[in-house]
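The primary structure of each chain is shown beneath.
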Amino acid sequence: MRAAPFTAVVTAGVALVGAGADNARAQDWTTAGYDAQRSSWVRAEGKISAATLQRPGFQLLWKLEVADPSTAERALTPPVLLDLVIGYRGFRALAFVTAPSDHVVAIDTDLGRVEWERQFAPGAPSPGGLPACVREMTPNLARPTNAALPILIGGAGSRTRQPARGAVGEPGEGAVTLAPLVARRPEAPAPAPPRPPAPRPTPRPFPMVYVLSTDGMLRTLNVMNGADAEPPVPFLPPHANARGLIVVDTVAYVATSRGCGAAPNAVWALDLGTHQVTTWPGRVVGADGPAIGPDGTIYVTTSDGHLVVLEPRTLKPRATYRSGGPAFSSSPVIFDRGGRLLIAASSRDGRIRLLDSRRKTFVTMPLLSQTAADALATWADTDDTHWLVASAGSRGSAIAAWKVIQQDSVPRLDPGWVSRHMPAPLAPAVVNDVIFALSRGAPPSSAVVLHALDGATGNELWNSGATIAHVMRAGLSAGGSQVYVATGDGTLYAFGFPMEH
Amino acid sequence: MIPNTRSSLACCAAVVCALAAAPASAQQASAGGDTAGFAAIFDGTTLQGWDGDPAFWRVERAAIVGETSAATPLKENTFLVWRGGTTRDFALTLQYRIGTRNPAANSGVQFRSSLLPEVGRWVMKGYQADIDAADTYTGQIYEERGRGFLARPGQVARVAADGQIRALGSVGTPEMVKAFIKRGDWNDLQVVARGNVILELVNGHVTSLLVDDDEQRSRDGLLGLQLHAGAPMKIEFRNIRLKDLSPAATLPHADWLTDGGNPQRTAWQGEEALLSTRSAKDIRLLWKITLDNAPREMHSLLPALVVGRVDTRDGPKEIVIVTGVSDNLYAIDAQRGVLLWKKRFAHSGVGDTTLHSGLMCPGGITATPVIGPTPVPGRYTIYAVSWDGTLHQVNLADGEDVAPPAKFMPPNGKPYALNLWKNAIYTHTAQGCGGHPNVAYAYDLATGKVGSWGPAGGGMWGRTGPAISSKGVMYTGTGDGPWDPERGIYGNGIVGIQQNPTTQALELVDYFAPSNAEWLFKRDLDMQVTPAIFAYKTRELMVSAGKECRVYLMDTESIGGDDHRTPLYRTPLLCNEGLNFASAGIWGAMASWADANGTRWVLAPFWGPKHSLFKAPLEHGEVREGAIAAFKLEERDGGLQLTPAWISRDMNRAEPPVVVNGVVFGYGSGENTTQATPELGLRANSSEFRIKNSTHAVLYALDGQTGEELWSSGTQITSWNHWAGLSVANGRVYLGTFDGTVYCFGIGP
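So the sequences go chain by chain: A and B.
Each residue of the first sequence is one higher than the one before, starting from 1 at the first, in the numbering used here.
Each residue of the second sequence is one higher than the one before, starting from 1 at the first, in the numbering used here.
Keep in mind that the hints were calculated from the coordinates and are not lab data.
Heads up, a few of these hints could be off.
To be verified - Below are the DMTMM-like pairs computed for lysine to aspartate or glutamate, each with C-alpha atoms no more than 25 Å apart in a straight line:
(1) A/LYS47 with B/GLU518
(2) A/LYS63 with B/ASP51
(3) B/LYS75 with B/ASP51
(4) A/LYS47 with B/GLU400
Claimed, not checked - Residues of chain A clear of chain B, computed beta-carbon distances all greater than 10 Å:
(5) ALA93
(6) ARG204
(7) ASN222
(8) HIS275
(9) LEU341
(10) ASN459
Built from N, CA and C at the ideal position, the CB exists for glycine as well.
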């Protein structure tokens with residue numbers, strides 16, 4: 001029984017599984033790139049910081065072989081996270097991953113053990129299209145995501161408390177805890193009866209995770225046991241190459257590319273209430289698919305160098321911004337800078353292009369390093385300086401960071417730092433002020449290495465050495481004071497500070 | 001021989017004979033004769049058990065000697081007080097010899113008396129069987145520092161309700177009485193008192209008889225021997241024997257005055273004679289009574305409290321006090337199972353009394369009251385915190401207020417069982433009910449000041465409230481919250497809090513958290529069980545636990561060691577392999593007792609299946625729903641440890657046990673404890689859902705040495721309960737259920 005003042009926590013818990021079930025807490029990694037804005041920045045996280053990583057203790061906590069080792073394709077999706085669910089088995093922190101063959105697994109992230117697993121679409125038709133499609137059909141996972149910009153809620157789980165204290169009341173006046181009550185009693189009118197809430201659909205009493213399976217069905221699962229919370233809903237043609245499934249305000253969005261299966265390249269929207277599917281055709285690029293602004297507006301980058309703005313739910317185009325450059329290579333990243341929305345993306349020419357939503361013009365950075373990343377990350381330091389981070393360098397051999405500077409109300413990117421040499425770095429994730437990035441390790445091991453870099457300097461704070469087996473197609477996510485590496489051989493690694501169980 | 005010629009005398013004698021079987025043929029009873037049921041209260045060699053001024057009292061030749069001299073004169077009468085008990089209804093026999101050198105020498109035997117510390121340490125007030133050297137007063141019934149002469153030598157007298165004293169007749173003249181007394185020699189003195197009738201005999205002859213109907217009379221009190229002020233004198237007493245004639249004397253006088261049995265919360269009834277491992281098979285339902293208390297959420301009746309002998313208008317009674325959540329107190333005759341009185345506290349100050357805060361915050365009374373003795377033997381005060389947060393002090397005998405209700409804490413909170421320690425009422429609160437902070441409280445009865453202290457952790461919800469050590473430190477688990485003492489945050493630990501005697505503030509004096517407190521917080525496996533505190537050799541130890549399902553052994557000198565994280569011992573996990581927060585783990589309260597061999601036992605009730613790795617030498621079948629685990633406290637390798645001894649049979653949600661005379665009483669509550677289901681999520685944690693899925697409680701008697709089932713209530717209990725509890729005294733075990741029924745099981749006539 002979680003008891004008050006954990007009422008707040010309980011309330012949060014109830015909200016999480018009740019009315020708030022559609023709005024995951026800000027610190028959960030609910031979709032590719034962490035949040036609706038694809039920032040890949042986990043903020044207000046309890047234990048991980050540049051300061052704590054300079055001390056010993058950060059280490060591999062557990063690894064779990066999720067995919068069937070007998071299968072040829074075993075790559076996992078980076079986990080979608082749920083930091084707290086009060087389930088029928090107890091309080092749990094869960095990670096959800098998918099492996100090929102529509103294998104969905106929920107993992108207890110404290111213990112590294114499987115909580116439940118399901119396999120979908122055993123009778124799905126055989127794939128067609130390009131040979132590459134065979135490798136790209138890993139299903140997508142997402143949890144409901146709030147489009148609002150995540151709020152910095154104070155670290156350490158935001159459980160700010162007054163310290164313990166004692167007091168003694170006046171004789172005959174009872175405890176001091178009576179005082180606030182007495183103070184508000186005089187002349188206080190009886191509180192008006194609460195107004196009946198506006199009619200709204202009864203929220204589900206449990207959190208959900210959405211799975212887009214290879215057969216194109218969107219499945220709504222109860223996070224507690226993986227059972228169908230609703231019948232599967234047709235969303236995409238089978239065997240599409242889907243990227244960046246995200247569910248915002250009861251609408252699921254995803255982008256398809258490469259023409260895999262019978263799916264045209266497009267942005268797709270599924271209204272979870274009406275089950276109506278809407279598309280906007282276009283050659284969308286970027287590993288994380290569409291990004292969504294705090295007002296629900298959809299932003300996508302295209303292979304013809306456009307940033308397209310779409311209306312929520314209907315996907316009607318609102319605006320198209322021509323970058324003036326070649327194809328974009330990354331999904332957009334959205335962030336707020338001084339009350340204005342900035343949208344950044346990487347182009348194939350190695351430049352980052354930044355759109356000021358007020359000026360509606362692109363700012364293009366000079367070519368400082370080759371940065372044709374398929375995903376960017378952004379974060380802000382304690383001075384409220386925003387940074388962009390991406391894999392960079394010739395043929396991608398480092399992580400680079402840029403500061404977002406406002407000069408005469410015009411944003412620009414100033415070089416920040418370039419990391420140590422990292423072969424083939426992948427898209428980074430940021431936890432507070434620490435940049436986590438994966439790279440291929442130095443020969444002869446060629447193991448995948450997880451690096452932790454100081455967000456302010458790029459200095460390496462820690463690395464995983466040869467802990468992770470030699471595999472590519474790895475991916476990152478983070479939350480709950482742990483960093484997860486999902487690898488191409490179907491193994492999930494969890495790194496963090498140990499906690500005695 | 002005193003002739004019994006007057007009818008009034010015959011009447012009174014008949015009364016005495018009827019009431020007091022002892023000297024029924026009172027005319028020739030001997031102090032050294034019938035000794036059945038009499039207990040020597042003077043050992044013949046020392047003044048052990050007696051309290052008096054050593055300048056005047058000594059033991060000499062198997063007699064108590066009180067003597068004054070010219071060098072040690074007395075300015076006022078002094079008394080040698082017997083501290084071994086009180087004299088309510090009794091027969092007393094002794095021999096006395098008073099020196100005749102001082103013809104004015106005076107003495108007497110006090111009974112039903114009280115002390116007057118404001119006058120002097122050894123000054124008494126009350127009834128006296130008078131003795132004097134001149135035998136002018138010997139044989140009379142007198143009242144020291146009170147009404148004076150009540151029944152003079154040879155007199156039969158009555159004191160009316162208004163205090164008027166009237167002679168009813170005579171058993172002889174003063175001269176006749178005087179003739180029976182051996183001057184300067186040993187004389188037999190007998191006093192028989194029962195109810196309002198007092199009879200005095202000297203050397204086997206009735207010398208006076210008093211019928212005292214004065215409403216102000218003392219009904220119980222101390223026994224003492226008098227040494228009178230004045231010229232030097234000497235008085236001697238020997239062969240002093242006392243027999244209890246109270247109707248209630250036929251009952252053991254065990255009490256259960258507070259939840260958990262005592263301030264240390266050991267749940268061990270140490271004064272039981274009827275219930276034993278041999279007699280347990282004969283336990284049966286003695287009575288049950290359904291009360292009119294309306295349940296709130298899942299709460300209904302709180303654990304019963306028992307007083308073995310209460311002075312009521314109708315004579316002494318054994319009374320059971322049961323509290324109903326809807327602001328009700330019930331007094332039940334323990335022998336007959338009938339309601340004696342009911343009191344409902346006014347709760348107009350509560351405001352909204354509708355149920356809308358969920359089952360964790362039911363409103364109403366949530367704290368089991370505590371009963372305290374008063375300076376007057378046989379009179380007790382119930383201390384209860386009503387729904388509106390007010391402290392009530394109620395006369396146990398009749399339910400009347402003995403003090404005005406006093407402000408204590410905010411209304412609609414959720415305090416847990418009250419504890420009484422040195423004139424202060426302790427409790428703690430949880431679940432933030434009423435929107436109030438979770439704090440520990442101490443109400444100082446002398447000053448009316450309330451100290452409070454909050455751990456900034458979770459709620460403190462040890463079922464039987466705080467446990468209090470011999471040093472007056474209250475200990476409680478701090479429930480679900482982070483542990484960060486550097487920031488003054490003490491969740492998921494145990495805190496020791498003590499009242500500052502000067503300011504009455506509560507102050508933190510010690511604290512402990514398990515080394516895995518962070519994990520406990522993350523998984524909601526909080527430390528929340530009421531500890532049990534007990535003496536072990538030269539130390540005072542404490543055991544506590546939480547939902548994680550381990551037992552911690554601590555020393556109250558320093559419960560967590562220097563780092564506040566190191567207990568004396570930590571058991572392995574007993575249960576909760578699945579890390580559940582709702583239907584597994586140790587809930588409620590611990591228990592501890594010592595057997596005849598001096599072995600100290602610790603008992604832990606737990607919910608859910610036994611941990612697959614936890615083993616005990618004696619197990620009694622598969623444990624699926626809960627059980628009681630018993631440990632022996634043993635010294636190993638220079639340290640103390642809790643060694644598993646037995647695991648009970650399966651019980652459907654094993655609740656905190658109580659222990660009596662080698663028998664462990666435990667029960668499965670039958671409550672549905674589900675807080676979440678896959679389909680309903682936390683909506684399952686509603687009274688509606690859980691009541692519907694609850695079954696019925698079963699009470700078990702287990703052999704304390706083996707855990708073997710000796711008896712069970714089977715299907716006799718037809719309802720379940722939520723956070724109720726067992727109470728045991730005088731051969732009876734009490735349990736209340738959700739439907740408002742109090743069950744009394746025991747060894748009946």
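Consistency of the hints with the structure:
{"no.": "1", "hint": "A/LYS47 with B/GLU518", "verdict": "holds, 12 Å"}
{"no.": "2", "hint": "A/LYS63 with B/ASP51", "verdict": "violated, 75 Å"}
{"no.": "3", "hint": "B/LYS75 with B/ASP51", "verdict": "holds, 19 Å"}
{"no.": "4", "hint": "A/LYS47 with B/GLU400", "verdict": "violated, 58 Å"}
{"no.": "5", "hint": "ALA93", "verdict": "violated, 7 Å"}
{"no.": "6", "hint": "ARG204", "verdict": "violated, 8 Å"}
{"no.": "7", "hint": "ASN222", "verdict": "violated, 6 Å"}
{"no.": "8", "hint": "HIS275", "verdict": "holds, 23 Å"}
{"no.": "9", "hint": "LEU341", "verdict": "holds, 36 Å"}
{"no.": "10", "hint": "ASN459", "verdict": "holds, 29 Å"}
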